[in-house]
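S.K.: Chain by chain, the residues:
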Amino acid sequence: MSELEQIPFGASEFAENPEPRCPCLLLLDTSASMAGPPIDELNRGLAAFKQELVADTLAMKRVELGVVTFGPVHLLTDFQTPDHFMPPNLASAGDTPMGAAIAGGLEMIRQRKQAYKTNGISYYRPWVFLITDGAPTDGWEAAAEMVKQGEAEKHFSFFAVGVDGADMDVLGKISVRAPLKLSGLRFSDLFAWLSASLSNVSRSQMGQAVQLLPPGWAEV
Amino acid sequence: MIGPSVLSSVVDARGRPLRLGRKLGQGGEGSVYELPAETDAVAKIYHQPLSKLRTEKLHAMVGMRTEQIDRLTAWPLEVLSLSTGVPIGVKMPRVVGHKDIHQLYSPKSRRTEFRRADWRFLVRVATNLARAFATVHESSTVIADVNHGGVLVGQDARVRLIDCDSFQVFDGAKNHLCEVGVPTFTPPELQGLLFANIVRTENHDNFGLAILIFLILFMGRHPFAGRYLGPGEMPIERAVRECRFAYGAARAEARMEQPPGTPALEVVSEPVALLFERAFARQGISGSRPTAREWIGALEALEGNLKQCADSPAHWHLSGLPDCPWCRMEAATGVALFSLAISPGAAGYFDVETFWQQVTALEHPGPVPALDEAVANARVRPSEDVLVFKQQYWFHGPLALFCGAATLALALFVDLPLPGRLFFFVSAFVLYFLVRRNLRMKEDISIFIERERRLRAQWDAVRAEWDAKAGVGAFDAKLGELNQLRTQWTALPEFREQRLRDLEASKSERQLNRFLDSFRIQPGEVGGVGTSRKSVLESFGIETAADVDEAKLYRVPGVSAKLRRGLIGWRRSIEGRFRFDPDLDSTPPDKETVEQEVLVERLKLEAAIRKGFTDLQQLQKQTLFARTSLKSKVEETHRAFQQCAADLKAVRR
Ligand SMILES: Nc1ncnc2c1ncn2[C@@H]1O[C@H](COP(=O)(O)OP(=O)(O)OP(=O)(O)O)[C@@H](O)[C@H]1O
Ligand SMILES: [Mg+2]
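Chains as they are written, first to last, in the working numbering: chain A, 10 to 229; chain B, 684 to 1336.
Any given hint might turn out to be false.
Think about it this way: if two alpha-carbon atoms lie no more than 20 Å apart in a straight line, the pair counts; the simulated SDA-like pairs of lysine to any residue are [stated by the list, open to error]:
| no. | chain 1 | residue 1 | chain 2 | residue 2 |
| --- | --- | --- | --- | --- |
| 1 | B | LYS1235 | B | LYS1274 |
| 2 | B | LYS1304 | A | ILE118 |
| 3 | A | LYS163 | B | SER1243 |
| 4 | A | LYS163 | B | GLY915 |
| 5 | A | LYS126 | B | ARG921 |
| 6 | A | LYS122 | B | LYS1235 |
| 7 | B | LYS706 | A | VAL63 |
| 8 | A | LYS126 | B | PRO946 |
| 9 | B | LYS1287 | B | ARG794 |
| 10 | B | LYS1314 | A | ALA102 |
Keep in mind that the hints were calculated from the coordinates and are not lab data. For clarity, every value in this text was computed on a predicted model and none was experimentally measured.
So here's chain A without its partners, still in its complex pose:
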């Protein structure tokens, strides 16, 4: 390394923590219909999510969270380890531009992987979690196509979760995996499950299919 060598972005975060990364992208519906108990429960779930991840020393170094909210589409946080993640206080407003959120989120993943590669950091297959209580109000067909292609090329694993009122048909068309239905408002259980699953992934072998824990929060 010479004095003149250029330092790429993020060099510091990877220098102090060169552990393999396990990126997890949350696409969260914050449209007007989520107002009231749903958004409150979602916020509570996110706060607990951080606590649980931080309690696991290995997951804390390996898991990276990125959050995009939609209604309207907004990048809340680009990928960062849970210790940096500030649980947000989400408010609900607007429509459900799910298509734009998915497209934007998948582009974030592509860029993050590029950063890993430039900095010589290995990574697990990213997880994308879409949580919604409605139906897209924008064009979602192109996004569905991106999901299909990305899954086929193993660029990421995409999971869709419908809250009461969600259009499960459309979710089924977007996600390759069958969408799951959240029973009631069990966001806390959902995030507890997600953190446990991510802990498992961060202990697992890269490139191996992970065994998901049974999602106890889903309706059967």
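With chain A held as given, fit chain B with the ligands onto it using these hints.
M.R.: Frame of chain A, contents of chain B with the ligands only:
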């Protein structure tokens, strides 16, 4: 899976019930519990009942214990079962005061979890690890599933190997195999194979050992995680299989590059570098990887040849290097590699100028793209709605025309005097316009007005959102904040000078204060102060002549004007005896306070700068994200608004 009810029916080797305590940890195969009855042992309860093979192996291991192995590992003590007799777990010694090895080798966790660990410490841990491997190997045991979860490290640099139930052991008659392995520690020749029927060798272990030593010495970097210059993906497993050691002499042929900011292989000394080359080369497959004993020798020699960096006491490196690799790495990344507790005031780890390269390298999002670019101001034709609307009132035009025409006919065809004709002539036009206007007023265009109003509001909102999210206001503000912090950091030496000058300026005052402070208020010494009054004064913080002060005395109840005067007079008389000595230097504790203050300020600024940079990166991403994700919404809203405006104009015509 084993449920909670099952956990209450665990029995030890002699069939006595065993109560389990708190869960200490969990792995892929089982969970480890405290034993309330025994402080020096733990129980590992497997997620699944043990197979016959596993049970046999554990029994064999219990019979193979030696004192030497006990000191280095958490060797199984006895096999545990369920009350039904089904083998379910194992009891082993509890390892206390040790932490997972990954907590040591990643700089971030090392700073908090191993506050005494400098590079000497790391070299020592690597040597101790090699010693542990050598001991295990010499008892015809193979660790087999070498990984970062199997090594615990103490604050004294000693290591203990856990997860011993996965070792491959030879009991004199039979080899008990290991069925698992972690790919990033698995040698190329075993990559992708099923381990169930494979007899592992010392040479396989030696690959994993070399990986662990590399992680320890190279700040948590994996030797096979580099920048791959070829096409496609290069996960670690593939790089291992294809022997692409990213730091090796042959890395160029392997089309690999070291990750940016990492030190060269040479910093570990030539002999150790050579061991790494041998461990990771294809030739190693045939059995020539360095043994644990070879590592011990080379690492001991390295430890004996270390030198403390002149700039930072936390930095120990191989002597004879042109400069300190850790100073360089820290300056390049702005990251402290070792705990600040080792050398709080050390220069080197954070250099704002070098760190600033990262800030400048972060691309400014650029001015917010003007909306006119996103929304072409095309001429918009009225929509279908307008046509339908117009059709509904198709007769309005002809009706007005008819009224006008009829009146005009009067003017033209009825025989009238000229003023009369003129009157009807003018009336014809007036009538036409009046009727038209009247009819038009009856047309209900409120829908169009309402629609246009709504869309205009929407468009305004979208425009505001665009400016807020796609604009650079927040980014520039954060950048300004960072620049300010940088200025403050650069001005730290002046800040320190100023504080020392202040210290000098207040020298006489502080000398006087110390002098006064040496005179305690004694009962009887000052008129009117007895033992009880003394304790009242003390409870208000007035104990020595230095504390005697008009304002303070007022706050103490029961102090008469006379007593107050007496106390102040006493203080004055002591003051009169004070002689300032300009040669008496500021006492070290005062100077230390200043240095401490400056250090705290520096660390605070550095933390703020690093946090600010993270925030800035987030803002940059958020801005760029908004520009793409909002674009279609901007376009759609603008198009809809233009349509409504055009419609309104058309129905008004
Ligand atoms: N002897 C011990 N003393 C104290 N803690 C221990 C001991 N053995 C294990 N642990 C704790 O329990 C955790 C799990 O143990 P272990 O790694 O043996 O489980 P495992 O299921 O075999 O895991 P793996 O899937 O990695 O093989 C460890 O990370 C450690 O924190
Ligand atoms: Mg194990």
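S.K.: Run every hint past the structure and note whether it holds.
M.R.: Verification of the supplied hints:
1. Our distance criterion of 20 Å between C-alpha atoms is broken by B/LYS1235 and B/LYS1274, whose separation comes to about 29 Å.
2. Only pairs whose Cα atoms come within 20 Å are accepted, and B/LYS1304 paired with A/ILE118 is accepted, the gap being roughly 12 Å.
3. For the suggested pair A/LYS163 and B/SER1243, the alpha carbons sit about 87 Å apart, so the restraint of at most 20 Å is broken.
4. A distance of roughly 13 Å separates the Cα atoms of A/LYS163 and B/GLY915; the hinted pair therefore holds under the 20 Å criterion.
5. The suggested pairing of A/LYS126 with B/ARG921 holds, with an alpha-carbon distance near 14 Å, which does not exceed 20 Å.
6. Distance restraint check for A/LYS122 and B/LYS1235: the Cα-Cα separation of roughly 66 Å exceeds the 20 Å cut-off, and the hinted pair is therefore not satisfied.
7. Between B/LYS706 and A/VAL63, the direct Cα distance comes to roughly 18 Å. Compliance with the 20 Å bound is thereby established for this hinted pair.
8. Under the criterion of a C-alpha separation no larger than 20 Å, the hint pairing A/LYS126 with B/PRO946 is consistent with the structure, at around 18 Å.
9. Using a Cα cut-off of 20 Å, the hinted pair B/LYS1287 and B/ARG794 holds, with the two alpha carbons roughly 16 Å apart.
10. The straight-line distance between the Cα atoms of B/LYS1314 and A/ALA102 is roughly 19 Å, inside the 20 Å bound, and the hint therefore holds.
In this structure, the earlier hints numbered 1, 3, 6 are contradicted, and the remaining ones agree with it.
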